[in-house]
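**Q** Chain residues, written in single-letter form:
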Amino acid sequence: MERNNHLPRQVALMRQSLFDQGYLDEQFVQLEELQDDANPNFVEEVVTLYYRDSARLVASIEQALDKSPLDFNKLDSYMHQFKGSSSSIGGRKVKAECSQFREYCRTGNGEGCIRTFQQVKREYATLRKKLEAYFQLARQAGPREAASRST
Amino acid sequence: MARNGVVSWRRRSSDQLDGSDPSPCGSEEVHVLAVDDSLVDRKVIERLLKISSCKVTAVDSGIRALQFLGLDEEKTAGDFNGLKVDLIITDYCMPGMTGYELLKKIKESSALREIPVVIMSSENVVARIDRCLEEGAEDFIVKPVKLSDVKRLRDFMTRDVGDRARSDGGGTTHKRKLHESSDASSSSPSVSSASSLSSSQPTTPSRSPSPSVSSSDPSSPSPPSTRSSGPCSPSSLESPTRRLKMTSGCD
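Chain order of the listed sequences is A and B.
Sequence positions in the first sequence follow the numbering used here and run 2 to 152.
Sequence positions in the second sequence follow the numbering used here and run 1182 to 1432.
Keep in mind the hints are simulated off the structure, nothing from the lab.
Glycine included, every Cβ here is placed at the ideal spot set by N, Cα and C.
Mixed in with the good hints there might be a few duds.
When the alpha-carbon atoms are kept at most 35 angstroms apart in a straight line, the in silico DSBU-like pairs for lysine-lysine are as follows [what the hints assert, rightly or not]: (1) Lys-1288/B / Lys-131/A; (2) Lys-122/A / Lys-1288/B; (3) Lys-1288/B / Lys-75/A.
Facing chain B, a subset of chain A residues (Cβ under 7 angstroms, in silico) [unchecked claim]: (4) Thr-49; (5) Leu-50; (6) Ser-88; (7) Ser-89.
Covered by chain A, according to a simulated footprint, are these stretches of chain B (three or more residues, beta-carbon under 8 angstroms) [unchecked claim]: (8) 1220–1229; (9) 1291–1301.
Working from the sequences, and respecting the hints, build out all of it.
**A** Encoded structure:
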């Protein structure tokens, strides 16, 4: 099977840009540190699990935002969980939007919550696309690249 | 749903252990019960523990944790020893029974109170940390949990397990050595040595931000910035428990 010799570098560059552009933080590196030959896809597994598991939270928040009056305690509780998971995978921008949302919950600012939730969803979707592209490229480059550590 | 990690019903021989395992007698692997309602966090903590040479059982609630520990089935300490748990690490915020409530139940049980309990929380709230430590928690880790956090716990646990095996001749009592004042000074060096391994990244000292996080404001949020650069994430490497023990002198 022919290998593109430029792939490893492309993978590294793509990975670095995810950090440089603020999509990922140190926690993602922590997850990468947990990969080895026996568990070469650990990070992708966690990220996949995150998107699958948090989908229900996103739906719950969406539903809760449709209610009137807004139940800020419930919204905050959902968002606390969502923020926690996002933090665990190193989703920096998602996590930041979650924090903003929780601030609005705290101050009872419904419009702020609704507005910020659009941001949350946007960052959540963007991160997913970028990580999917990254994992796909990393897989093409070969197992060693998929398990690459921070430089 | 609960996920069970590897649970050994018999002691493993030393040749099955990770070569880097510092346990002096080499015959006991640390068995950790991890409790977290988040599926993602369970997966991560399980991996963190396994990669640190611990056996892991991961459950999704305090109720299941108590079931696993045999607390709700009127089992005696004798029955319990078959599933020897060396450390319980639990999330604080969980639906139903919180990590704090679980901690209390464990400390109220004569069969289980000796097991060290570590609390994890995404919220760096001094009042919460204090409450947990006062209730007998061994340590408090701010999420997201890092490898250095687990390594620090692991080193403490392994030393504890080894000491127990030496002093008890392989007995399975779970002494919380940190709470014996005579051990406070002897535990410090191992903290330093464990911490020095993680000096390249900040660990999770929850007490340090006291100057910037006032204890009268229990709802102060953790900053959204990355932990390595945030002003509320100093890189002091001591665990809050040790600092608490040394400054307040309480046991």
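**Q** For every hint, state whether the structure bears it out.
**A** Cross-check of the supplied hints:
1. About 46 angstroms separates the Cα atoms of Lys-1288/B and Lys-131/A, which puts this hinted pair outside 35 angstroms; it is violated.
2. Our distance criterion of 35 angstroms between C-alpha atoms is broken by Lys-122/A and Lys-1288/B, whose separation comes to about 42 angstroms.
3. At roughly 31 angstroms between alpha-carbon atoms, Lys-1288/B and Lys-75/A fall within 35 angstroms of each other, so this suggested pair holds.
4. Given the 7 angstroms rule on beta carbons, the hint for Thr-49/A is violated: about 10 angstroms separates it from the nearest Cβ of chain B.
5. For the restraint placing Leu-50/A at the interface with chain B, the shortest Cβ-Cβ distance is roughly 6 angstroms, inside the 7 angstroms limit, so the hint holds.
6. A hinted interface residue such as Ser-88/A counts as satisfied when its beta carbon comes closer than 7 angstroms to some beta carbon of chain B; here the least separation is about 5 angstroms, so the hint holds.
7. For Ser-89/A, the suggested interface contact is upheld, since its CB lies about 5 angstroms from the closest CB of chain B, less than 7 angstroms.
8. For the segment 1220–1229 of chain B, the stated coverage by chain A holds: 7 residues have a C-beta nearer than 8 angstroms to a C-beta of that chain, and at least 3 were required.
9. Counting residues of the segment 1291–1301 of chain B whose beta carbon lies closer than 8 angstroms to any beta carbon of chain A gives 0, which falls short of the minimum of three for the stated coverage.
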